[in-house]
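Q: With the hints as extra help, turn the sequences into a complete structure.
2 protein chains.
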Amino acid sequence: MKIEPPYLLFLGNATDDLAAKTASGIAHWTPEKCLGQYRLEGCTVSLGLPDLSLEDAYRQGAKTLIIGVANRGGVISEEWIAHFKKAIVIGFDIANGLHHSLSDHAELVATAKTHGRKLIDVRHPDKDFPIATGKKRSGKRVLTVGTDCSVGKMYTSLTLARAMKDAGMDATFRATGQTGIFIEGNGISVDAVIADFIAGSIEDLTPDNTANHWDVIEGQGSVFHPSFAGVSLGLLHGAQPDAMILCHELGRPHMRGVPGFSPPELNECVELHEKMARLTNPNARCIAVSLNTSRLNDSEKQPALQQITEQTGLLCFDPNVDLTVVLKLLETI
Amino acid sequence: MKIEPPYLLFLGNATDDLAAKTASGIAHWTPEKCLGQYRLEGCTVSLGLPDLSLEDAYRQGAKTLIIGVANRGGVISEEWIAHFKKAIVIGFDIANGLHHSLSDHAELVATAKTHGRKLIDVRHPDKDFPIATGKKRSGKRVLTVGTDCSVGKMYTSLTLARAMKDAGMDATFRATGQTGIFIEGNGISVDAVIADFIAGSIEDLTPDNTANHWDVIEGQGSVFHPSFAGVSLGLLHGAQPDAMILCHELGRPHMRGVPGFSPPELNECVELHEKMARLTNPNARCIAVSLNTSRLNDSEKQPALQQITEQTGLLCFDPNVDLTVVLKLLETI
Chain A
0 MKIEPPYLLF LGNATDDLAA KTASGIAHWT PEKCLGQYRL EGCTVSLGLP DLSLEDAYRQ
60 GAKTLIIGVA NRGGVISEEW IAHFKKAIVI GFDIANGLHH SLSDHAELVA TAKTHGRKLI
120 DVRHPDKDFP IATGKKRSGK RVLTVGTDCS VGKMYTSLTL ARAMKDAGMD ATFRATGQTG
180 IFIEGNGISV DAVIADFIAG SIEDLTPDNT ANHWDVIEGQ GSVFHPSFAG VSLGLLHGAQ
240 PDAMILCHEL GRPHMRGVPG FSPPELNECV ELHEKMARLT NPNARCIAVS LNTSRLNDSE
300 KQPALQQITE QTGLLCFDPN VDLTVVLKLL ETI
Chain B
0 MKIEPPYLLF LGNATDDLAA KTASGIAHWT PEKCLGQYRL EGCTVSLGLP DLSLEDAYRQ
60 GAKTLIIGVA NRGGVISEEW IAHFKKAIVI GFDIANGLHH SLSDHAELVA TAKTHGRKLI
120 DVRHPDKDFP IATGKKRSGK RVLTVGTDCS VGKMYTSLTL ARAMKDAGMD ATFRATGQTG
180 IFIEGNGISV DAVIADFIAG SIEDLTPDNT ANHWDVIEGQ GSVFHPSFAG VSLGLLHGAQ
240 PDAMILCHEL GRPHMRGVPG FSPPELNECV ELHEKMARLT NPNARCIAVS LNTSRLNDSE
300 KQPALQQITE QTGLLCFDPN VDLTVVLKLL ETI
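Top to bottom, those sequences are chains A and B. The first sequence begins at 0 in numbering that gives the first Met the number 0 and counts up one residue at a time. The second sequence begins at 0 in numbering that gives the first Met the number 0 and counts up one residue at a time.
Hints are computed from structural coordinates only; laboratory data are not their basis.
For chains that are exact copies, the list does not tell them apart, and a pair is met inside one copy or across any two.
Cut-off 25 angstroms, straight-line C-alpha distance, at most; resulting in silico cross-link-like pairs (DMTMM-like, lysine to aspartate or glutamate): (1) K126 / D103; (2) K134 / E248; (3) K134 / E267; (4) K84 / D125; (5) K274 / E264; (6) K126 / E183.
None of these values were measured; they are calculated from a predicted model.
A: Here it is, written out as C-alpha cells:
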C-alpha cells in the first residue's frame, strides 16, 4: 500500500473539526506533501491550505486525492462520486480512510481501470498476510502502547521518529492506522486485518533490518480496552518491541466509548505490557511514559510529569518538548 | 449463518485422515445429521457412513453438502466445481469451511442464484458485527481456554454442553470455529472476523439470556500463542465468562507451529486468564483443567490428572469420563 504524494485533501461537506481529523493530521505532520484542500459547498472546516480546483491541483503536481474526512458510519457519500470520477479522469489516484470501500463502487472501479489510476482503501489491506511466526527479527523496535484509545500513541510515535532522525539515528515510522498511513505514505491498518493475521501483519510491516535501525511502531487501542484489546495484543506480539512507551492522558472518567470501565492503574499497565510483550521478545521493557498534556494548563504540566515519574519509577515526558532524554534511553538498548 | 441438516459430507480426493478432520468431527458429534459421505475417485478416507450419490442423498432428505475436507492453502479444487454445480441444481445448499470462498466463484454464485440455493462460507462472516460494548449480559457463560492450539477446547465444550443438557441444565454450545459451526449448525468463525470486531462478534454470538441459561463457548488458540493471542484475548473479553476451563495436553515440545515457544506453566496460565477475563467480568474464574488424555496409556491417565490437581489446586478432569463433578462446580456459580 503506497500512496503517492503530493496530496490534495478532500474535505467533502465537513462542518466540524472532528470530521476532518484525519486531514488535519496529515496537514499538520506532512505539510510538504499537502498542496491544498478541496471542499464542497457547505463545508465550513478549513485546514488553512489553499482551496484548489482538481485541475489546478493536478497542474501543480498533486498525485493523490485523499478522502481525509470522516462521517457517521464511514460512508462514501453519493454526492462525492462525481468529484472522484472527475479526479480520476484528470489523473489522480484516490486514497480513502473510511470504512466503506472505493473498490465496492463499480463505476469508480471501471473509471479507474480505464484511466490506469489506483483506488486505495487504506482500511482494506490489499494483500494477504502470513500467520505470525514469532521468530525474532534483526534491528530494533520501539512501540507506543496506551492506557486507552486516543491518548497520543500516533503523536508520540511521530514526534519520536522525527526526533530520532534529527539526532542522526536510523529510524522509520511504521503506521498502523489510517491517519498514520496517509502521513507516512504506507503502512497497515491493523484494526482492519482478519483476526488470525493481526500479529502476522505487523511482522510483515516491520521486517528484519540492520542492527542499529529502529522501527518506531504506532500502537493501537489498549490491552485494557474491552472492545479492542485483541488488536492491541496481536500488535504487541507481532511488534516484538525492545522498548515500549506507555501513552497516557490524565483525568479520563472512563475508557473511551465504554462508560463503567476505569482506566488502568499505570504500574499495573506497565507490568501487564511487559509480561505479554516478553512472549515474543524476552528483553521487552517499558522505558517511559508519554503524557498527553493537551488539556493541562502550563502550570499543571510539570507537576503531572513529576508525579507520574514518582509513581512509576519511569521517565515521564511531554511529547511536545525536547526528547533528548528519551533518545538517550533508547541508545542504551 | 444457519446450516440446514441433514448433511451429505463431501470428502473430495482426501487421502489422509487429517485432511478429513472437519468431516470426521461432524460425523462423530452429530451422526444424526449425517446421511452419508460423497467421495471422488482416489479418496481413500472413509467416515464409515454410506457412500451416496448426490441424487440418492437428496432423495433421502439431505439439505446441505458440506465441504468437510481440508487441503494445503484451503483451496477449492477446480475438479470439485462440477460436482458442486450438480449438487446445487439437484437442490443442495453448499457449506464450506475452507479459507477460499465459494462466493468468489462466479459460476457457482450464478448457479446458486438461479436455483435459489445458499452458498455458505463459514469462515467468511455473512454480517457486520458491532464494536464490543463490554456491557454485562444476563445468563451464565463458561469458556474453554487453552495452553495451546488444538488441545481439546472444542471437544471439551461439546462434551460439557452435552453433559449439562443430559443433566437437565439449560445449556447451548456456541461454536467459534468451522467444525463446531457445522456440528451446531450455526456460530461465528472468530479467527476470520475483522480485528476491530473480535470481541463484538462474541458479544453477538452469546447474547442476553435467562438467568439460569449457560452458554458453553468454544475457545480458540491461546493467549500464550505468538500467532493467535489477539483472537484469544478478544474472544475472552467478548465472552465475559463466569467460569473458564483450561484445556491442556501434556508433553508438547513447543507451542503448535512455533518451535522455540514453550507451553506456559499451568498456574501462570490460570492467573493470566483470570486477570484478563476480569476486565469484562470481575467474577471470572478458572474452575478446572480439562486434560487431553488421547496420547496417554490408560495407566498414565489417573496419575496425570492427580498431578495437575496438586499443581494447580483445581479439579483436573478427562473430558471422556463422567463430568458430574464439573457440573457440580458450575452449579455453584
